[in-house]
Amino acid sequence: MDFLTRIIISAAAAATLSSCFSEFDPKIDSTPVLCMNSNIVEGEPIWLQLTRTWRWDEGDPGSTLDISVDDATVDLYVNGEFKERLTAAVREPSAEFYDPTKGPEKGFEAEYIPQQDDHIRFVATSKKYGEATAETVVPRQVSISKVDVTPLNVTYWGNEDGTTAGAMFDLDIQMHFTDPAESTDYYLFSYGSENTFNGYIYDENDVLVGSYGEYININAYSLDPNYEPLFSEHVSVLESVVASNSGYTIFSDRQISGRTYPLHIHMTNISWNYHSDVGAVDELQCYLVLNLNKISEDYYRHVLSVWVANDGIAGSLGSVGLGEPVFESSNVSTGAGVVSSATGNIVRIDISEIIKARQGS
Amino acid sequence: MKSHLITTIAAVALSLSVAQAQRITLHAVGRPAEKVFADIMKQSGKNFVYSSGLLDGLNVTVSADGKQLRQVLDAMFEGTDIAYRVKGENIILYRRPVAARRKCTISGFVREAGSDEAIVGAVVRSTQAGVAATTNAMGFYSLTVPAGETTLTVDYPGFRDYTSGKLAVESDLSYNIGLTVNSEMLDELVVHGSRNRYLAMESTAVGNLNLSNSVIKATPVIFGESDVIKTLQLEPGVSAGVEGLTGMYVHGGGSDENLYMLDNIPLYQVNHFAGLFSAFNTEALRNVDFYKSSFPARYDGRLSSFMDVHTKDGSMEAHHGSVKLGLTSGAFNIDGPIWRDHTSYSFAIRRSWLDLLTIPVCAIANSALSNESYTFGYAFMDINAKISHRFSDRSTAYAMFYYGDDYLRISQDFDTEIVTGDYDKTKNNLRWGNIVGSLGWRYVISPKMFVEVTGAYSRYQSRLVHRSEYGSKVDSKVISFTDDRLQSDNHIGDWIARADFDYTPHPSHKVNFGVSYIRHNFLPSLSKRRLLTESFEASASDNARHYKADEYAAYIGDDWKLSDALRVNAGVHGSLFHIEGRTHKALSPRLSLRWTPARDWAVKASYSRTAQYVHQLVQSSISLPTDQWVPVTGSQKPQAADKVSAGVYYSLDNKYTFSVEGYYKWMHNLLEYCDEYYLMPPNAAWDSKMTAGKGTAKGIDFKVAKEFGKVSGHISYSLLWADRQYADLNGGRKFPARFDNRHKINVMVNWKINDKWEMSASWTGMSGNRFTLATQCWDDPALAPWHYDMLLGTEMNNYRLPFYHRMDLSFRRNTRRGYWTFSAYNAYCNMNTIAVDRDYSDSFVVGDKYEFISNPVFRKIRLIPIIPSVSYTWIF
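Quick note, the sequences are listed as chains A and B, same order.
Once you know that position 299 of the first sequence is 298 in the working numbering, the rest is easy, because the numbers rise by one and skip nothing.
Adding 1344 to a residue's 1-based position in the second sequence gives its number in the working numbering.
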């Protein structure tokens, strides 16, 4: 192989195998604006986080970039009247989104406790980043008339002395609720577990000698959203082929307005475990917690936009330049963020009863 | 002289001063008149004065030995309609008054000898009368000449020049012409004209192009799959959209603003495989007419361009065919006589290979899996078939059929019943495509009038079905199950009846007129769902709205040659669109004119208005089966465009054609998805997701073309500005169109190296596409189940992607029985940027401590590297 041939082959191979991506600076000016996030829950104190937007390649907020806003004030208006100026505060982040690198959350809190139907409006002002406003209406609680629970595929095991037991099962639940006819409503179904029987045993010298506990292993994948058509009302047929809808349990009343509807909740592979070093316990208290929230339209639009942007066809095409990009929905004017509200209606299902029934059968 | 306002004066000043009575001696047999004039001027000292075009193609025969000038002139112009007058030192030539002589009409068809395929756009001339006509889409011509002897000549690229010999025309005459292919002429010789030169220099059309099958095949394209749309992408003023796909955005227009026709029948879905291939199988087509600026009155219904693909009729003489095997698809075509000289057939089929590769791949993969299996298959296919029958020289009929189909099947099956008692099966079937069937009858009513009557059905349909079945069994007893079936249908079907007439009442007038009726059936987006479980059953149907619309249209246009220098084409297309009790009306006037200020120069101007009643809802720049064709409904108005254009053309030695065309287009009532339309349910009424707006486009197209010789091709440059403004998009603010490619340069070269090897190369360089680049992020409110960086909305198309450039190469090696084609798409492997995304640049720093650093960065996504391909075509 002569020298020229080698060069030609090397150049061709290098060009063919060159990376499909290359970093660059698009050289577009961008001006940061205020970002206001608050989800108002009926009966709970208001918490609002105020930050600023940042250019993507400016850094990573929380580690290499500080996006906090120090010179801002936030005013709260309820039902059109000024209620109070929020006060700056710090709180521990929720366990769900706990990030040890980020430390406590900075934000603003209000003394006012929101009620159903409250029309909440925030006005945030900063000398550096301008003004931002957002408003939301706290929804009314949904009426749940009946909950039918059918355990399926229960597999139980346990030792003879009753100190260790476990079970694996599916649940088929029909939650009957009534949608108000006079309004346009949006819903979010969420779930979790609640355990009260949990602890450690120490001797008189405070030495750990045993433990006892009962817990349910349930996660975001436990719910099979396919069983409930309302959970996928935002999914087109083509998207049902190519997109994931896992975890998204929002829906609107578009198809059920004014009707009582049995929400079909199918949960699979729920595991329950029980262990006690203090002997068998008869009164187990372990609950599956179901929460049917009425959420504000802002909440619904935002969550839906997150799904479209990251899982839907429009967002997938937009992210690779084959369509227009999808931006996550914001209801903050002259700024960014989401000010939303939710009112839940919680149903607790005593898992222990199910287990005991199976145990006895 | 009024009629000679635009007269070219050919004057030669000779120093000789010769008496009028001087005698002339010359001998000429079939020599061009202008050369004979030069001899006469030398001997007589007189100048010839005449209009440009008067002598086009005129060859004279004269023999004189010491004859007087008048005797020579009389002999020279005998049998022609040219008269003369000697005035002072000038011999003034003019056309004889029409009334002075009886006229007869010669009409007939120009076809390819051997195959009898109609030749479209051939120029038929009477040398004595100095008149010319071009053949229409069926190869028909009509020429009115003075009674007496006349000679017809025909020239058409790729064929030997045709001369009829002297025809005695004493009454109307039917005269069919067969042209013989002459490949040597294409390669070696300068020909007298071509379809595209004629369009540029003689017709009134601005931005009109004719592509032959061979030109399309010679254009190098991705995967070596020749494609008419990808050939057109190399034309100035045509943006390709996303690299590698068959997008077409003409003069800043949208993708649904082009009317694609197959033998004059609209085709709605013109793409296979997300737009990687077009629906037009090159092996089945004869040639293509493309209009991008001035539009004949016959065409309406789209705003930006019209493309009429003429398919092969089939040979009346012998059977011919070819088999092509490429990397991505194979094609077979055959044509020939069923009843020699009366009935012919043409059949072509093309099918992709991809599923033949994926089936064994899936089988091998599944064999390694227990309790689960996957299948994946994609294929496209198209079939073109045509039967033509000639009842007589005046009457022919044909039946044409097209079937295009894409299917995608994806399924997965988890069957763990034995182990866990669960099963989970998912099947997805997506199928979409066109069917076109048409029956046509062509009849020469009289030598001056030709009619084509067509009845047709054209349908596009897509059906997507998703079915998932899952559940649990215990001891073979089903204890829970779910059977979920979703189906989405999109359909547009047209029943079409039309009659198109060509009428030549006078040599200077060519009138086209016609009527049409289309019964549209639309089912834009029907969604059905049935959910069945052990305890629950639900079914729902959304968007079942089914529209029927009636579209009536009539048009008339006259191509009027006012003088040799001035030609006008004026017409109007009127239409009614009746839907849901409302009737929309559109009157689309057309006017174009050509002025020849000097020999080999043409100046043109045109105005066209177009209206569009149906449009396609597209989410992206690629072709998806879910893209829906929908009609104008509710309060929407038909989309409309007004376009003015002008051009200057110059022909150099009949070899090179230079053109500069400018245009300005105003678009009204455009429809587009509104802001955050994706937050509406997918089965929400489609029109609730739309917003209306307007747009403008302006630009200039430059082109130099050389159509013949060993080396041929074209170089073009186009300059474009295009913008849009919608009430509910981008906050109502104006924004640049996505494919507002400001500068675009195309170079296309075909080189016949020798009898065995041919090479084609094309190079495209253009300003990058517009792109909406969100640069800012905001803090996640943590409302959704999963967490991402939130993007702050920004102005649409706020960023222009980097300059795009690419070269494609193709080599053809002719063999005894066919030819090999070797091609390289993106030959120098410049991977162009198609988008910009946000990602992290990960790196490790090893200094005092080992540290992982992840910096957010913008990245260019660069897509297509060099793609070599090879195919073999066996010709029989």
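Note that these hints are calculated values from the structure, not bench results.
It is possible that part of the hints are untrue.
For lysine to any residue, the following SDA-like pairs were computed, each having C-alpha atoms within a straight-line distance of at most 20 Å [what the hints assert, rightly or not]: (1) Lys1510/B x Val208/A; (2) Lys2033/B x Leu316/A; (3) Lys1769/B x Leu316/A; (4) Lys2038/B x His2012/B; (5) Lys1769/B x Lys26/A; (6) Lys1817/B x Ser245/A; (7) Lys26/A x Lys2033/B.
Partner residues are not named here, just some residues of chain B that face chain A (Cβ under 7 Å, in silico) [to be verified]: (8) Thr1524; (9) Lys1872; (10) Leu1875; (11) Leu2117.
Remember, predicted model here, so these are calculated numbers, not experimental data.
Cβ coordinates follow ideal geometry from the N, Cα and C atoms, glycine included.
Discussion item. When the structure is checked against the list of hints, which entries are broken? Sort them ascending.
Written reply: 1, 3, 5, 6, 7, 8, 9
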